[in-house]
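The listed protein sequences derive, respectively, from chains A and B. Quick note: the first sequence uses the numbering used here, first residue 1, plus one each step. Quick note: the second sequence uses the numbering used here, first residue 1, plus one each step.
A hint or two may mislead.
As the list claims (entries may be wrong) - Here are the simulated DSS-like cross-link-like pairs (lysine-lysine), alpha carbons at most 25 Å apart as the crow flies: (1) A:39 to A:9; (2) A:93 to A:39; (3) A:78 to A:39; (4) A:67 to B:21; (5) A:85 to B:70; (6) A:80 to A:90; (7) B:21 to A:78; (8) A:95 to A:67; (9) A:95 to A:9; (10) A:45 to A:9; (11) A:93 to A:67; (12) B:13 to A:78; (13) A:90 to A:67; (14) A:9 to A:93; (15) B:70 to A:95; (16) B:13 to A:80; (17) A:86 to A:67; (18) A:78 to A:67; (19) B:70 to B:21; (20) A:86 to A:45; (21) A:67 to B:70; (22) A:67 to A:39; (23) A:95 to A:39; (24) A:80 to B:70; (25) B:21 to A:80; (26) A:80 to A:39; (27) A:95 to A:85; (28) A:90 to B:70; (29) B:70 to A:9.
Don't read these hints as lab results, they were simulated from the structure.
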Amino acid sequence: MYSAAMLAKELVAASTEPLILSLLARGESYGYALIQDVKRLSGDKIEWTDGMLYPVLHRMEQNGWIKARWDEPETGRKRKYYSLKKDGQKALKQKQEQWSMVASVLGSLWTDDALTPGKA
Amino acid sequence: MFNIDNAVSEWRKQMLAAGVKNASVLNELSEHLRSDVEQQMRSGVDAEFAFSRAVERIGAASQVREEFSKVRPRTGAGFESWFSVGLVMLLIATVLGCELVFSALRMSFLQQASAFAALTLIFVVACGWRYAMPYFPVVEASKRPWAIVSFYAITFVLIWLAASVVPNVVANLIEQAPTSAANNSILWLIWGGVLMALCVCSGLALLMDREARQHWGMHAGGKFKQTEHHV
Chain A
1 MYSAAMLAKE LVAASTEPLI LSLLARGESY GYALIQDVKR LSGDKIEWTD GMLYPVLHRM
61 EQNGWIKARW DEPETGRKRK YYSLKKDGQK ALKQKQEQWS MVASVLGSLW TDDALTPGKA
Chain B
1 MFNIDNAVSE WRKQMLAAGV KNASVLNELS EHLRSDVEQQ MRSGVDAEFA FSRAVERIGA
61 ASQVREEFSK VRPRTGAGFE SWFSVGLVML LIATVLGCEL VFSALRMSFL QQASAFAALT
121 LIFVVACGWR YAMPYFPVVE ASKRPWAIVS FYAITFVLIW LAASVVPNVV ANLIEQAPTS
181 AANNSILWLI WGGVLMALCV CSGLALLMDR EARQHWGMHA GGKFKQTEHH V
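With the rest of the complex left out, here is chain A (with noise of 0.2 Å):
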């Protein structure tokens, strides 16, 4: 579903709604602006491929975590523009201590010491 240059498939899949939560609490966005942001972001190692960002942003709109709306900026192509609702918000938060979690517990295990061989 997904294409990575140095990060798992399974690892981009996993933190494909936390980014797009993320980048919408920033402001809101729209499709392909969200994937330069992420390829941008991550020094082009987190590469979503196109096609697929558009269903998980349908199955975040239909969970509530945000919504759409259709504008024509000055290009004069209609484009369909997603922001953050309170529930994604509520989403977003979880999110964070979740992944914080884990950052903090993988943090505490990669100190020098413990990966020393013969001490723990």
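For this one, chain A is given, so just place chain B on it according to the hints.
Chain B alone, transformed into the frame defined by chain A:
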């Protein structure tokens, strides 16, 4: 000479033929294609090549259709409010209907109170079982049929035992006098219904995996453990 409008139109036909028929989805993906082509052209890529690369990035039509088919539509707020109105009307009709039947059977006030208490319990169980979801374990798919069969076998025995005893005990306790056989049968049925509702709702809860629970807006389960636990 390459024409982006014709190319997008042709691409849309291919998506339609592959089963991606939602106009809104096609509009959104078409807009994505155009944005991608524009971006590539700004970097000096030839329009035709940029388009074929953008189409490749979107993915095969069958793959896109497959992913979108996983997005199941949720019932809207309109449906939910009409459903609530229907439920209240059904409740009123049930209460009135039961009152007519109970009066026709010349049930005493206390017998009627017992019957209505049972009906209220059935209603509470039917509407409130979704909130008990955190207390139901998520059963592993391979073990689910056995869990369901065992659950129903045990509850069937419990229902049979309880429904044979509870109504008579209740009726006799509140009346402190023998009740007619017909009225007892009615109370037997209604209190049996309470246990039946409990049994059906618990079975449904055990049948649902994490995804199904989340899809219907319920708690994913496993209140007491961080990880998924299996029966």
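Structure-based check of all given hints:
no.: 1; hint: A:39 to A:9; verdict: holds, 15 Å
no.: 2; hint: A:93 to A:39; verdict: holds, 23 Å
no.: 3; hint: A:78 to A:39; verdict: holds, 24 Å
no.: 4; hint: A:67 to B:21; verdict: holds, 22 Å
no.: 5; hint: A:85 to B:70; verdict: holds, 22 Å
no.: 6; hint: A:80 to A:90; verdict: holds, 23 Å
no.: 7; hint: B:21 to A:78; verdict: holds, 19 Å
no.: 8; hint: A:95 to A:67; verdict: holds, 19 Å
no.: 9; hint: A:95 to A:9; verdict: holds, 19 Å
no.: 10; hint: A:45 to A:9; verdict: holds, 11 Å
no.: 11; hint: A:93 to A:67; verdict: holds, 18 Å
no.: 12; hint: B:13 to A:78; verdict: holds, 20 Å
no.: 13; hint: A:90 to A:67; verdict: holds, 14 Å
no.: 14; hint: A:9 to A:93; verdict: holds, 24 Å
no.: 15; hint: B:70 to A:95; verdict: holds, 22 Å
no.: 16; hint: B:13 to A:80; verdict: holds, 21 Å
no.: 17; hint: A:86 to A:67; verdict: holds, 10 Å
no.: 18; hint: A:78 to A:67; verdict: holds, 16 Å
no.: 19; hint: B:70 to B:21; verdict: holds, 15 Å
no.: 20; hint: A:86 to A:45; verdict: violated, 30 Å
no.: 21; hint: A:67 to B:70; verdict: holds, 19 Å
no.: 22; hint: A:67 to A:39; verdict: holds, 23 Å
no.: 23; hint: A:95 to A:39; verdict: holds, 21 Å
no.: 24; hint: A:80 to B:70; verdict: holds, 20 Å
no.: 25; hint: B:21 to A:80; verdict: holds, 18 Å
no.: 26; hint: A:80 to A:39; verdict: holds, 20 Å
no.: 27; hint: A:95 to A:85; verdict: holds, 15 Å
no.: 28; hint: A:90 to B:70; verdict: holds, 24 Å
no.: 29; hint: B:70 to A:9; verdict: holds, 19 Å
Violated hints amount to a single one, hint 20; each of the other numbered hints is respected by the structure.
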